[in-house]
Amino acid sequence: MDFDIQTWISVAAFMGGALAMGLGAIGAAIGEGYTAAQANAAVSRNPGISGDILKSMLVGQAIAESASIFALVVAMILLFTSFTSQSYVTACVMLSSGLCMGFGAIGSGVGSGFPAGAACMGMARQPAMSGRLTTNMLIGSAVCQTPSIFALVTSFILLFTDFSARAVSPTWAAVLGAGFASGLGAVGSGLGGGLVAESGCKGIARQPLSATPVTNVMLLGQAVTQTTAIYGLLIGFILMFKSFPATDSIAPPMALLGAGLCMGIGAIGPGIGEGFTARSAVKWIARNEGATADLTRLMLVGQAVAESTGIYSLVIALILIFVA
Amino acid sequence: MAIEGADIVQAAAYLGAGLSMGLGAIGPGVGEGMAAAKACEAIGKNPREAGLLTRTMLVGQAVSESTGIYSLVVALLLLFVV
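If you're matching them up, the sequences are chains Y and W in order.
Note that this note's numbering has the first sequence beginning at 1, numbered continuously upward.
Note that this note's numbering has the second sequence beginning at 1001, numbered continuously upward.
No false leads were slipped in.
Keeping only pairs whose Cα atoms sit at most 20 Å apart, straight-line, the calculated DMTMM-like set for lysine to aspartate or glutamate is:
| id | chain 1 | residue 1 | chain 2 | residue 2 |
| --- | --- | --- | --- | --- |
| 1 | W | K1038 | Y | E289 |
| 2 | W | K1038 | W | E1049 |
| 3 | Y | K55 | Y | E65 |
| 4 | Y | K242 | Y | D162 |
| 5 | W | K1045 | Y | E289 |
Calculated directly from the structure, the hints in this document are not laboratory data.
No experiment lies behind these values; they were computed from the predicted model shown.
One chain only, chain Y, in its complex shape (with noise of 0.2 Å):
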């Protein structure tokens, strides 16, 4: 059997495309199963506001949403252009396209998940802080959507660059390889956004009066949970616009292959650890004010070292990228 490259484009589209929602509705789905738990136990806890926590659970719900209905957008368009080239490049653009949605939207969709369900619970707790809480929440969660849309930034260029006038050895796995590194790389940091929102919306609706601490410091750490998603992308970026010379060996694609997967998994922990460091700051400030500079000092400090080993993936994969 003898196929023909437009068959392969046409195989690796409808694979990327169903990858990207399959991958791409895990996250979400997780995160507005949670938030719905949430509010059902704060409608329990305080039936007379049973109409405000709906309508917050629904905004919440709709923000986790968007992760996936990115996915949904990769995958219509996998499904349904059709794609001409002479390139077994575009193969694995397609591929790679659909993966690096996938991947990317399921920490965010998770993330974004914990915040609605904590304002849902705060609002139950403290009606009157309604208004703030709805607001943290939503602040809280559009960071932790954040690296879902770097994902799915990565995914656009990749399928709207023509990649086929490029030599085909290396590029096959640079390409993946941005994928991987953009994709796997947001997992993280959504995640361990979230868990800062979660505890910044918990925060406000246990001490009100602490509300602008409590809100600076989730920023500032939910700020620094992205920076390996950051990372990511921009191993992303260097892997889809460097041209690399053509090879008929098999060394030169394994190197930029593995600098993506380097990358992209190696992103995944220290956006999960910093995020627990930053959850465990803002819940500590809405408790014991006082101790605000103590706890962002060494909140940064906590999360400096934890960055380190996403240092150590970044210098990895830039050696393999300009070295190997």
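Given the structure of chain Y, go ahead and fit chain W onto it with the hints provided.
Relative to chain Y, chain W alone:
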């Protein structure tokens, strides 16, 4: 396209270096984050001991970092020595 044995070995070393550092970064990242989270909790409960707690946290994180450094060393060995 003839692929030689040495070429496959080199390819495996490159891919292995990436996987070594990538997978090896997960554990220390999560573990050090947990250590720092508990240190934040402790300072929240007892702010006067901030100096002692920061020192303890950093020592604990340094130990937890060691596996990340092993991964880095193995990745660098795969890239430049093997």
